[in-house]
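With the hints as extra help, turn the sequences into a complete structure.
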Amino acid sequence: MSQSEVRKVRYRMGKLERKNTLVAYSFLAPNFIGFAVFTLVPVICAIALSLFEWNGGDISKLKFVGLDNYATIFATKKVAEKGLAYFFNRADLGIALKNTVYYTVVTVPLTIICALALALLLNKIRGAVFFRTVFFFPYVSSMVAICVCWSFMLMKDGPVNQIIMALGINFNKGWTADSTMAIWSIILVSVWRNMGYYMVLYLAALQGIPRELMEAATVDGANKWQQFWHVTLPQLKPTTFFVSVMMVISCFKIYDVVAIMTDGGPGRATKMLVTYIYDEAFIKVRYGQASAISMVLLVIVLLVTIIQFGSEKKFSND
Amino acid sequence: MKKMLSVLLAVMLMMSLLAVPALAEDQVLTVVTWDATTTPYLIAQKDAFEASHPGVTIEYVDVASQDYAVKATTMLEGGDTSDIFMIKEIDNLINWQAQGFAAPLDTNGYDMSGFVGTEVNYAVDGVQYAIPFRSDFWVLFYNKDLFDAAGVELPTNDMTWDQYAELAKKMTDKDKGIYGTHYHTWLSAVVNWAVCDGVNTLADKNYDDLLYFYKLYQDLEDSGACMSYADLKAAGLHYSAAFANGNIAMLPMGYWYVSTLIGYNQDGTCNFNWGITAVPHAEGVAAGSSFGNLTGAMINAKSEKKDLAWEYISWLGGVEGAKATASVGARPAWVSEEVAASMSSVEGFPADETSKGALLPAAVAMEWPVAEKVADIKTIVNEEHSMIMAREITPEEGIEEMNERVAELFE
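Chains A and B, in that order, are what the protein sequence lines are. The working numbering applies: residue 1 is where the first sequence begins, and numbers increase by one. The working numbering applies: residue 1 is where the second sequence begins, and numbers increase by one.
Among the clues, some could well be false.
What the hints assert, rightly or not - Restricting the straight-line Cα-Cα distance to at most 27 Å, the calculated cross-link-like pairs of lysine-lysine (DSS-like) are: (1) Lys-302(B) / Lys-61(A); (2) Lys-78(A) / Lys-205(B); (3) Lys-173(A) / Lys-215(B); (4) Lys-302(B) / Lys-284(A); (5) Lys-71(B) / Lys-63(A); (6) Lys-253(A) / Lys-71(B); (7) Lys-169(B) / Lys-156(A).
Stated by the list, open to error - Distance ranges between label pairs, derived from CB positions: (8) Val-140(A) / Asp-125(B): 53 to 61 Å; (9) Asp-256(A) / Asp-204(B): 31 to 39 Å; (10) Asp-231(B) / Gly-127(A): 32 to 40 Å; (11) Glu-50(B) / Val-41(A): 41 to 49 Å; (12) Gly-78(B) / Leu-28(A): 26 to 34 Å; (13) Gly-208(A) / Asp-231(B): 43 to 51 Å.
Since the hints were derived computationally from the structure, they do not count as laboratory data. We treat Cβ as the ideally placed atom computed from N, Cα and C, and that holds for glycine.
Shown next, in the form of structure tokens:
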């Protein structure tokens, strides 16, 4: 067949194909239009905006400044003069970055451990349904209510401190008012709230482990710990992978707990990337600079996700 | 089908044309403000204006007060056409003017003498962009019943901060759970007093003058004369509820609290006798010196009823508007004997001479001045303030940080 004949044949087959494709696109369209309007276009605009100075208002007041916004948030002048320590100890972005990474590095493993432990505990015990509901409850409760309750519990003379004091540890400060403990109060609330949700994911995964594997391990004389370490845990790898990716991303986006419990304080002890973006955009009305910080956040999340997906093979079951 | 559609469209078009003159008869002015349903003076202003301007209706767009700046800015940026925006902080207006949201006002022939110069805070390059209608300054509230029960002499309009601290300690009774004084968590409630001398401002890049007030506060907190900052922060206790509880002897707070307290007395939330005095003063500063803030109104550049909007805001700032504002215990920006008399004649306002005397402050400095990078300075000063108040750093260290970080802003 010559080239033109091939085309003709394809064209003839295309009628039905085109119709099918159109149907497929029409099914995809609502979702894609939503994504384009509410995600894609704003992201592209934010990338562009990070190169401009704009204090809102008339769009004609956009002023192209190149990488100036990035230079400002990275405090390049001062860093060149005083070294990198300046960035992490004095610059707002450095401090927010440090706090966010600290929060993520602690929260992700802690939540996974708690969720997995709960799932294992509640997998087969009597009254499991009741306890599952109990632990899942925080996840469906209002965030504001949770944070306000925890703020009360973590007060200077609150119940948490009373328990700590009863254990003989002398700690007599309100958690949210202490610059070391403030971030831990946020970690505590995040772990407590989210572990129920991830517990449900782990429970589902545990149900999916073939019984034969366990039986084989028992026949081979493996004790409970060996069963867990060599059978259960490897079988849960895909879930762990999914949970860790989702958690890292959500941890980098932490905002609500901080806004309600500490408002970034005391001082800058709990200033996170997103609270910093909010301050720049809506309090100081500097959209260009706020967009630049958003780009930093985007790049970090993107990098972390790429690394995680790169190591996905290690996490897969095969 | 097509024919029917075009006929339908034509009918709709004609109907919309018919609707226009019908709307013009009854004019509605939309005013964006905060806490419209719970702020007595807003209700009084609306009633008074509508009574004197038949055919005009004031419609409030209510925004939660703590989100006002953010929400109003978002509305303006989104092209909102509400006619009037009220101004909570002076720098909101400065930002909105720079963004082109505020319509310039023609104040030719409009008497502004009663604003005693405060209106310049709303002017940019000599052009007026807003009219002040409320001017709050800080006073000292006290619970008269607690002082009488303790047999201690009442605070006066001429007290130094040291005398005040001594009085607070004297009034404190730990067994009965009575606190001598109460500090709300704001920077303004603790150290803004430093600007009362009319020389210092919070944007002058030197914060050494705050040290005295931090030391004074920490001394009171240590002696148990006031609740601790950490607890107030964690509990989110509002000063209005704290004082209304009846176990706090004194409270330095903005004048706006007068109308709240009058309301509380009327609805039974609290039922003790209270009074106000001028805030204490530092050595060498005139008695009755205070600081305060302006509240005003601007016309949205996108408003289609600018003439009517001007009619409203010029009325609001002037004598008639001032009387409406004062009628519920709020302090109007327009200052005159007539207005002061109507302020003290409000039902529920304390009848003693000291309280009446506190209505006429010797001088009122601005809480925050209009200055370059003032939003950044606010953030820095507030961050260090929270560190000092939470005792994470000493006042000296905090003030050094303020000085250094603010200096870095201008390098």
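**Report entry** C-beta pair Asp-256(A), Asp-204(B): status relative to the range 31 to 39 Å that was hinted
**Finding:** holds (36 Å)
Query raised in the report: Is the straight-line distance between the alpha-carbon of Lys-173(A) and that of Lys-215(B) 27 Å or less?
Result: With Cα atoms ~20 Å apart, Lys-173(A) and Lys-215(B) stay inside 27 Å; holds.
Query raised in the report: So does Glu-50(B) sit 41 to 49 Å from Val-41(A), Cβ to Cβ?
Result: holds (44 Å)
Query raised in the report: Regarding the pair Lys-302(B) and Lys-284(A), is the alpha-carbon distance no greater than 27 Å?
Result: Measuring from Cα to Cα gives roughly 23 Å; hence the hint holds.
Query raised in the report: Between Lys-169(B) and Lys-156(A), does the CA-CA distance stay at or below 27 Å?
Result: holds (23 Å)
Requested in this report: Take a quick look at whether Lys-71(B) and Lys-63(A) sit within 27 Å of each other, Cα to Cα.
Outcome: holds (24 Å)
Query raised in the report: Within 43 to 51 Å or not, the Cβ separation of Gly-208(A) and Asp-231(B)?
Result: holds (49 Å)
**Report entry** Range hint 26 to 34 Å (beta carbons of Gly-78(B) and Leu-28(A)) holds or violated
**Finding:** holds (30 Å)
Query raised in the report: How does the Cβ-Cβ distance of Asp-231(B) and Gly-127(A) compare with 32 to 40 Å: does it lie in that range?
Result: Holds: the Cβ-Cβ distance is about 39 Å, inside 32 to 40 Å.
Query raised in the report: Do the beta carbons of Val-140(A) and Asp-125(B) sit within 53 to 61 Å of each other?
Result: At 55 Å between Cβs, range holds.
Query raised in the report: Does Lys-302(B) pair with Lys-61(A) here, judged by a C-alpha cut-off of 27 Å?
Result: Distance of about 17 Å is within 27 Å: holds.
Query raised in the report: Holds or violated: are the alpha carbons of Lys-253(A) and Lys-71(B) at most 27 Å from each other?
Result: holds (22 Å)
In terms of the numbered hints stated before, the structure departs from none.
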